[in-house]
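Just so you know, we're using my numbering here: the sequence shown kicks off at 1 and counts up by one.
Treat the hints as calculated values from the structure; they're not laboratory data.
Every residue, glycine too, gets a C-beta built ideally from N, C-alpha and C.
Misleading hints may appear alongside valid ones.
With beta-carbon atoms standing in for the labels, derived distance ranges [what the hints assert, rightly or not]:
| id | residue 1 | residue 2 | range |
| --- | --- | --- | --- |
| 1 | Leu160 | Arg131 | 21 to 31 Å |
| 2 | Asp109 | Arg84 | 20 to 30 Å |
| 3 | Ser8 | Thr146 | 37 to 47 Å |
| 4 | Arg181 | Thr408 | 24 to 34 Å |
| 5 | Ser70 | Leu160 | 28 to 38 Å |
| 6 | Glu230 | Asn9 | 29 to 39 Å |
| 7 | Asp332 | Asp300 | 20 to 30 Å |
| 8 | Ser25 | Ala76 | 49 to 59 Å |
| 9 | Gly232 | Thr146 | 19 to 29 Å |
| 10 | Ala13 | Lys45 | 50 to 60 Å |
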Amino acid sequence: MNLAECLSNADIATLRAIADNYQLSCSRHSKLALMQEILYLFRSKQFVADRIDDWKRGHEEVFVRLGLESRQVYSAEELSGMFRRCRDNASTALEQGERQGWLYPTTRDSGRLQYCVPTELHKVMQNETIRVFYSNIHQSEIGPLTYREADYALARDADLFLQYLARHEVPLTTGGSMYKRHLERILDLFEVPETPLEGGWRFGYGRRFYDYPDRFALLYDFAYANQLIEEGRDGVLRTTESAIGWQGIAPGQKQRSLLQFYVSSYRRPIPRLPQIVRMMSLAPPNRWLASESFLATCGDMVSEYYYDSRDSVWNRRILGMLCHLGVIRVGDDENGKTWFQTTKLGQQLLTQGTVAAAADTQPDPRRVLIVQPNFEIFAASAEPVVIAEITALAELKQGGPLQVYRLTKETVKHGLAAGKSVSSWLQRVQSYSQTPIPGNVERTLIEWESQYQSQTDTATDSLSS
């Protein structure tokens, strides 16, 4: 909504508060007079420029987040959460935003309290955010002599992966992953080389992130989530009918879908990823950006994630994956300094609502679980209803603020005997999980359930005979 619409939808008490804050001389009893005076005031570019620091002061992080969002309407709970994370008094900050004319309460669209940032003011906030951010970034018109640029390689490799599955029988391990022989063959076919994993602790960035190297894990999870492949109950990985339709999709649409999937998947361990990618899309054209100064300017937008250091999250999970997706090109200069630049393909993808489509909702505060590949479940400050869901099939291993639960064949068997269902449990736990349930855990639980049902059926047949 633009400012005029926000003022029209606001009640007269909101307009009076704005008029009192700026000591306007119009009548406090005429909504039309209040609207006209406030509109006239905010249409002055100088006035807005002078007041923007007042609005930003004390809660810069919230200002940046609102400036980088593509949407303009937020729930009261969302905004309160943003201010609390900045250690602000949420109710006071919201009242200040209303009083200064930057936030407008509304119940028009949903029937519940929301806040709208008017279009004109949102644009001002965005421009100010970009100006301040890029004033701190080292930039260059000349890039490194050599650099990596993937273009549409990931989409083409997705095609190759599906073609391989269509022509070969690919058996799966008991955990549901491919055997190394087939994995190596597939990786050898790809334009961008990767090698199978050699161990190490990995979780959080996808359903099969534990089993496969970074790039292929993203590609595999995308294919599985979009039902292009299926892990058969007979232990064979195969394509589906949907894979035939995939082959007819234009390369640009394939790449856009892959980018959307990346942002929606990786934003769980990296909550501010949509804003970071959005900032890249607003970079000065044809400029190389110094990786180190960009990361420093991001501040708390990039943080460590369990076993991943902050530098690893930035270099591998953000820069590395965006390069694989064709969004940026990355290279090192003669001094070993890393630079990156948004590609033409990246600009096309990022200006067509790709990031907004993948990040149209805020992280759910109920997501307090992390299911790990070793069948342990971390629960941080989980409510009793969440604990009840976990313990339907798992047992407590460690208490404290961060509780640890363990899934075993016996605990699952006990839950099944009590009438629980693995598929229902997986669905409910996923709704509380920060990251996808690892594929090996999912498949093993289903296998345990199948074995239990077979044993139960056999016992029933014996009794009846």
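The hints, checked one at a time:
Our hint of 21 to 31 Å for Leu160 and Arg131 is violated, since their Cβ atoms are close to 44 Å apart. Hint check: Asp109 to Arg84, Cβ distance near 24 Å, so the stated range 20 to 30 Å holds. Between Ser8 and Thr146 the Cβ separation comes to about 57 Å, which falls outside the hinted range of 37 to 47 Å. At about 30 Å, the beta-carbon gap between Arg181 and Thr408 stays in the expected band of 24 to 34 Å.
Under the hint 28 to 38 Å, the C-beta atoms of Ser70 and Leu160, about 33 Å apart, fit the expected range. Range check, Glu230 to Asn9: about 49 Å between beta-carbon atoms, so the 29 to 39 Å window is missed. Between Asp332 and Asp300 the beta carbons are some 26 Å apart, a value that agrees with the proposed interval 20 to 30 Å. A beta carbon spacing of about 32 Å between Ser25 and Ala76 contradicts the range 49 to 59 Å that was offered as a hint.
Taking 19 to 29 Å as the suggested C-beta distance range, the pair Gly232 and Thr146 does not conform, at roughly 44 Å. Taken as a hint, the range 50 to 60 Å is violated for the pair Ala13 and Lys45, whose Cβ atoms sit roughly 28 Å apart.
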